[in-house]
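Q: Single-letter residue listing:
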Amino acid sequence: MNRFVWLALLALGLLAPFAVYPVFMMKLLCFALFAAAFNLLLGYTGLLSFGHAAFFGGAAYVTGHLVKNLGLTPELGVLAGTLFAGLLGYLVGSLAIRRQGIYFAMVTLALAQIVYFLALKLPFTGGEDGLQGIPRGLLFGVIDLNRHVTVGGTPLPLALYYFTFALFCLGFGIIYRAIHSPFGQVLKAIRENEPRARSLGYKVERFKLIAFVLSSALAGMAGAMKCLIFQLASLTDVSWHTSGEVVLMTLLGGVGTVLGPAAGAFTVVTLQSQLTMVGPWITVIIGGIFVVCVLVFRRGFVGELGRLLRRSL
Amino acid sequence: MGMSLQTVLSQVMLGLNNGVFYAILSLGLAVIFGLLNIVNFVHGALYMLGAYVALLGFNQLGPLLGRPDFHLNYWAALLVAPLVVGALGVLIEKTMLRRLRKFDHLYGLLLTFGLALIIQGVFTNYFNVSGDAYDGKPEVLSGVVDLGFMLFPKYRVWVIGISLAVCFGTWFVIERTKLGSYLRAGTENPELVKAFGINVPLMITLTYGFGVGLAAFAGVLAAPIYSVSPVMGSEMIITVFAVVVIGGMGSIMGSILTGLLLGMVEGFTKVVYAPASGTVIFLIMVVVLLVKPAGLFGKEA
Chain H
1 MNRFVWLALL ALGLLAPFAV YPVFMMKLLC FALFAAAFNL LLGYTGLLSF GHAAFFGGAA
61 YVTGHLVKNL GLTPELGVLA GTLFAGLLGY LVGSLAIRRQ GIYFAMVTLA LAQIVYFLAL
121 KLPFTGGEDG LQGIPRGLLF GVIDLNRHVT VGGTPLPLAL YYFTFALFCL GFGIIYRAIH
181 SPFGQVLKAI RENEPRARSL GYKVERFKLI AFVLSSALAG MAGAMKCLIF QLASLTDVSW
241 HTSGEVVLMT LLGGVGTVLG PAAGAFTVVT LQSQLTMVGP WITVIIGGIF VVCVLVFRRG
301 FVGELGRLLR RSL
Chain A
314 MGMSLQTVLS QVMLGLNNGV FYAILSLGLA VIFGLLNIVN FVHGALYMLG AYVALLGFNQ
374 LGPLLGRPDF HLNYWAALLV APLVVGALGV LIEKTMLRRL RKFDHLYGLL LTFGLALIIQ
434 GVFTNYFNVS GDAYDGKPEV LSGVVDLGFM LFPKYRVWVI GISLAVCFGT WFVIERTKLG
494 SYLRAGTENP ELVKAFGINV PLMITLTYGF GVGLAAFAGV LAAPIYSVSP VMGSEMIITV
554 FAVVVIGGMG SIMGSILTGL LLGMVEGFTK VVYAPASGTV IFLIMVVVLL VKPAGLFGKE
614 A
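Heads up: the protein sequence lines correspond to chains H and A, in order. If you're matching positions, the first sequence starts at 1 in this note's numbering and goes up one per residue. If you're matching positions, the second sequence starts at 314 in this note's numbering and goes up one per residue.
I should point out that these hints are in silico values taken from the structure, not numbers from a laboratory. One thing to keep in mind: the hints can contain errors.
As the list claims (entries may be wrong) - A partial selection of chain H residues facing chain A, derived with a Cβ cut-off under 7 Å:
1) A80
2) M106
3) P280
Claimed, not checked - List of simulated lysine-lysine pairs, DSS-like, C-alpha gap at most 30 Å:
4) A:K583 / H:K121
5) A:K605 / H:K188
6) H:K203 / A:K583
Built from N, CA and C at the ideal position, the CB exists for glycine as well.
Turn these sequences into a full structure, and let the hints steer you where they fit.
A: Given below as structure tokens:
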């Protein structure tokens, strides 16, 4: 994609907190990273994981616990959460890639359910209440992430925002590099024709597993970020609803496009914050969007746009 | 520890009671998967819908019709709920699933997931998540039966009996009758079956309707045992998915037996180590994936 587009997006990200409500913006970045990580599997490897909330929420719990109860600094907390999600991804992925297609989705969903049970039952997770009041702490032991800078009369949590934005750029950059590397080409070959990729001598299982670990680790990073921003790790984060939501974001934005997941996350997060007055009906609306998307809008926003412009976005 | 044979047997009986629900639901999933090649995520929601047809038929239908003393009784609900839900299934298949046939099977899963969210969302809006009790249990099925080693609720004996009859009846129709042979042939090679003059699209529609009708039937059976709640289906479906992964969807008898067996194992776990009873099916799934990745009855290469 064009260098100017990237620079424009970067500038947009840097200036966003001055124009948009920063907490909304940070939530968006978390879910955009989560969806982009998920898309690495669905869009570029052709694997539908229905249990990605396990990594997102699992990392949120681990980061929350380490930061709150063991006093880790936020950057180490995020690192630990990411590593934990990667390790969990290794375990789940090793099992799940033993089955293909539809079974893969069911296996990941069922394994994620074990993580949900653990989040409910383990002593440090706070059961139904989740982990609350997680402190944001001092970044590198120096920068207070709670610090607000007053701009034009409004206090803005700029330290936290730029920390989140930096992590997002890091995660997104890793995904972008992975997709556009020879490794990414092999993933796409597996997506298009697994037997052929195998017959060309690629160790398909190993590539799938690496993609799975990478995807789950970055989903975990998104969850760890979310836990510091909202100072909360809850059962919702590990529930199958969240797994379904990230599928929807990716589908809506465009499966297998670089910018699609972010666009989808933007749409879903905006809907959720704008439609708070409809209460529980939001589930029905989300379900409806799902159905419409699958029936008539399988390419998603970015996919359709890419088709109009005749280029891959 | 106090693990007498009697406690074990009674928990295993109660487990078998859960097992028949796993069996009916995974059987329905297997039948649908066989012909439509989709995993029917909305199965749990339609099971819940079946239970609500029984509940609302009993409590609300009379007042709605202006005859407050009218109740749709249990036996009628056993017939009406599968028909209503089956008709809904026919509608879903004809208007939505049919359009997805030429695309990746994953879209079927995603579509039915969306439908599950819609149905569950609607019911969450109108009903209490903690559930409502169903009062329509017939007098004949109240009380207990002496099984020799324990007193077992008569209703549960009925549920086990009728579920086994329905499961094996379905197996018989599919594996041993002419109609079933069309179905099985349609699973193998729909084009060829079409060439023999059989209306395959109609067969697919009716199969889907039948599969979800089974789910509704299970829902009515469940109504007097478990509380009827909007989330009863989503809790069930994830467990049933694990059952399906363990058994493999390739075999009708396989999915019935796996369902029954896992229900009993779950009951047994309650005696041995109660905290694990909620996850034991998922742990068995892990072991099966490690030892026999294609599933116990799977035919997958």
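Q: It remains to establish, for every hint, whether it holds in the given structure.
A: How the hints compare with the structure:
no., hint, in the structure
1, A80, "violated (25 Å)"
2, M106, "holds (4 Å)"
3, P280, "holds (5 Å)"
4, A:K583 / H:K121, "holds (16 Å)"
5, A:K605 / H:K188, "holds (28 Å)"
6, H:K203 / A:K583, "violated (42 Å)"
The structure is inconsistent with the numbered hints 1 and 6, although it conforms to all the rest.
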